[in-house]
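Chain C is already provided as a structure; the job is to place chain L on it using the hints.
Residue numbers (our numbering), protein chains in the order written: chain C, 34 to 555; chain L, 645 to 989.
If a hint is listed, it holds; no wrong ones were tucked in.
The calculated lysine-lysine pairs, modelled on DSS-like cross-linking and capped at a C-alpha distance of 27 Å, are:
| no. | chain 1 | residue 1 | chain 2 | residue 2 |
| --- | --- | --- | --- | --- |
| 1 | L | K658 | C | K367 |
| 2 | C | K473 | C | K107 |
| 3 | C | K367 | L | K649 |
| 4 | C | K336 | L | K649 |
From chain L, some residues computed to sit far from chain C (all C-beta separations above 12 Å):
| no. | residue |
| --- | --- |
| 5 | V751 |
| 6 | S829 |
| 7 | I947 |
| 8 | T950 |
| 9 | I964 |
If you are wondering where the hints come from, they were derived from the structure by calculation, not from laboratory data.
The structure displayed is predicted, hence computed values, not measured ones.
Positions of the beta carbon are idealized from the N, C-alpha and C atoms, including for glycine.
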Amino acid sequence: MIQTLHKLWRNHGGLHLDYHKEDSNAAPTRHLPMAEELIIPLQQHSGYKPTLTVNAGDYVYKGQELASHTGFMKVPVHASTSGTITAIEERPIAHPSGLSDVCIILKPDGKDDWGNARMPTYPDPSQVDGEILRQRICAAGIVGMGGAVFPAAIKLNVHDNIPIEALIINGAECEPYITCDDRLMREKPLEILRGVQIMMHIIATQRCLIGIEDNKPEAIAAMQAACEELGEQRIEIIPIPTLYPSGSEKQLIKILTGKEVPSGGRPSTLGIVCHNPATARAIYRAVVLGEPLIDRYLTITGKGVAQPCNVEVPLGTPIQHLIAHSGGYTPAAKRLAMGGPMMGVSLHTDQIPVVKATNCILVSDIPESEQQPALPCIRCGLCAEACPVTLLPQQLYWHSRARDFDKAEQYHLFDCIECGCCAYVCPSHIRLVDYYRFAKAEIRTQRDAKTKANIARERHDFHQERLERAKREKAEKLAKHKEQAQTNTDDGKKAAIQAALERAKAKKAEAAAQTTTGETTE
Amino acid sequence: MIFSKRTSPYVSGKQDVSSIMRQVLYALIPGTAVLIWYFGWGILSNLVLAIVFAELLEWGMLKLRQRPVRPFLSDYSAVVTAWLLAVAMPAFSPWWLIAIAMIFAIVIAKHLYGGLGYNPFNPAMVGYAAVLVSYPVQMTIWPAPVDSSFAHIGFGQTLQHVFAGSTQGWDALSAATPLDAVKVSLSLNKLLSEIYATGQFGLLAGQAAWGLVNLAWLFGGLWLLWQRIIGWQIPVALLGTLAVMASVFWLIDPQAYASPLFHLFSGAAMLGAFFIATDPVSASTTPTGKLFYAAGIGLFTYIIRTWGGYPDAIAFSVIIMNMAVPLIDYYTQPRVYGTKQGQRG
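Extracted from the complex, chain C is given alone in its bound form (with noise of 0.2 Å):
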């Protein structure tokens, strides 16, 4: 065994939650049958959209790019299959507003036809060099599979003044419910593990911790297995207690390290960098295989269905054809989320895809609980007991309701994940988090206008003195001819006038000796 006493360290706050693991984490995953239609959404990650490449009516072939990710924050999408597209258009997405967004509709042709759109593969990615890894990461369309998306090549970019100290995996996988990171675990422990030395080549580094918290002890013996297996003396396989959330990567962080990620910070000040272990095995089927991202793990779990289990699937397929292949409904689905049950994003239909950030399909009942009506918030305090960022959300809830947004922001507003412990611990059923949601979007808002704002004066402040400038010079201009006129004619005219006395004198002389020259000979 590899296991080492590794000293861990404790977080404020938390919850043991009914976790629900068992429901779905028995079973090996399945595969299901291919979907009617794919739903591809144009944007699956952080960032800005990248920019189509075909066109409705277009044959693709699986793996081939649909979206190039040219440009700043930009990762492609990929066709999960092969087939046609039938059209590209706006159709309902994983959003908490229920929005709609550009997807290319692609209906496979049952061949799953690779082509040539596999992309070169690298067998011996050691003796890569990080930077050509790291563009093929990019290329493949690699984003963070825990939920965040976040480019996962951007992350991997490190800058050479701080040097990386360890790479933590977090396979805590700490929301009640979700299952497939366990299964991810237990069942393809060398392609994450490969997955982590790509990575650890890429940043440098020569540790690796990963975090998985203790209700998963057959995912930890595979995972301590497969490291057996390969021989790897720098990556450690590290139980945690089962305590939400630690699988939020601040509270990982300080779990394994000690060290707190500054506020309004990222991991990399401390030299950390911290990835999820289905970003891992996607980064080696991209750099050692040539797949670009196309399918995932997921779980479909909950009361509302069935037969709750774990699915691998390509992107795009609906989740209507999940629960269908997953025993449907039962009587009791009422609600429909993507992800857990603490920070999942509810969704209104059905017909909504999987994207990369879709780790669980939860359909729910509703809540005897929910049915009441908040009441006033008593002060218990239960809520600064359980965040894990130890803020004083009763404060926070106050101020945000309020509308006191400097004194929210004072009390650290943007240091809480919303993670929802205090919404769920709240005695009087506050949705204490919506409060911060709201209270967080509006001081975006409000930033957002004042810096349109201070650009539009500061434009106008520069076109006001422009023209004054202009005024001026043209003023300063005018004024100096005048001047120069002035002068010029002043001089002239008083040596005309001069001029003209002096030839009147003259004459004047003249004709005096001429009148006595006259006289004188006449």
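Just chain L now, kept in the frame of chain C:
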């Protein structure tokens, strides 16, 4: 299929306001039972009257304020207030005294400030302090505790006393509480050893009855702690400060200052530490703040008991410290993850 939309989290804990209040009521049962053993109908009449007045006033105020009646009446918060007042006021209190206390507690201290959750002062203690200051005589007449006192003062006599104000033969039954007795005797320049020699004092340096009542409050309070309804900070800091203050002066002059045990077990210290100061609405909310808040209550309690004009002082001390809560909360904010200590909001 169209699904119900909502924002996360979709699950919630089992605790709600009414279940918390109910558990406080359960924890009050042992102490109340001991009180009833010693004071019989006197405590029961207090309880019934206080709860009836409290619910009526709560209902009336909710109607006046145009608030939904059902969720607020069923939160048990008014019952807890009434119960605390009923066990703090002397047994066999006349109906009007209880009514006035409840008006101050429910109408003035609670609803005029905005109702549940918005009151800066502990409603029960505002009610108690108001009647203590206004009716000091009625508020300090406790009947002497007697075993199984239902037989001692009958139901009819209770009704007569509570509703008709009959005080026939009442003087013979009443007795000073231990804190009162000690205070009066000390003011007459008696030594504590002489006071103890009168034989009124036994268990835990107080009268046996009051010692038992306090032990029962302690028991209920520990249960609340174990149920995690209250935190350890407030009881520990309050009782600790009171004990430290009492020990210091007792060690200096044991004849002039009562012992720490006497202070802890003969007045309202236990009830105050576990049930009154822990009222979340009016207490400090930060972990460190709770320590300061409760230590302040312990300190003021000792000062007022020893050098002030009242035998007990939990009510005044709680109200004084309630005023300090916003300040305490502001200066005791915990360090947020990823920030340095002292980055205050």
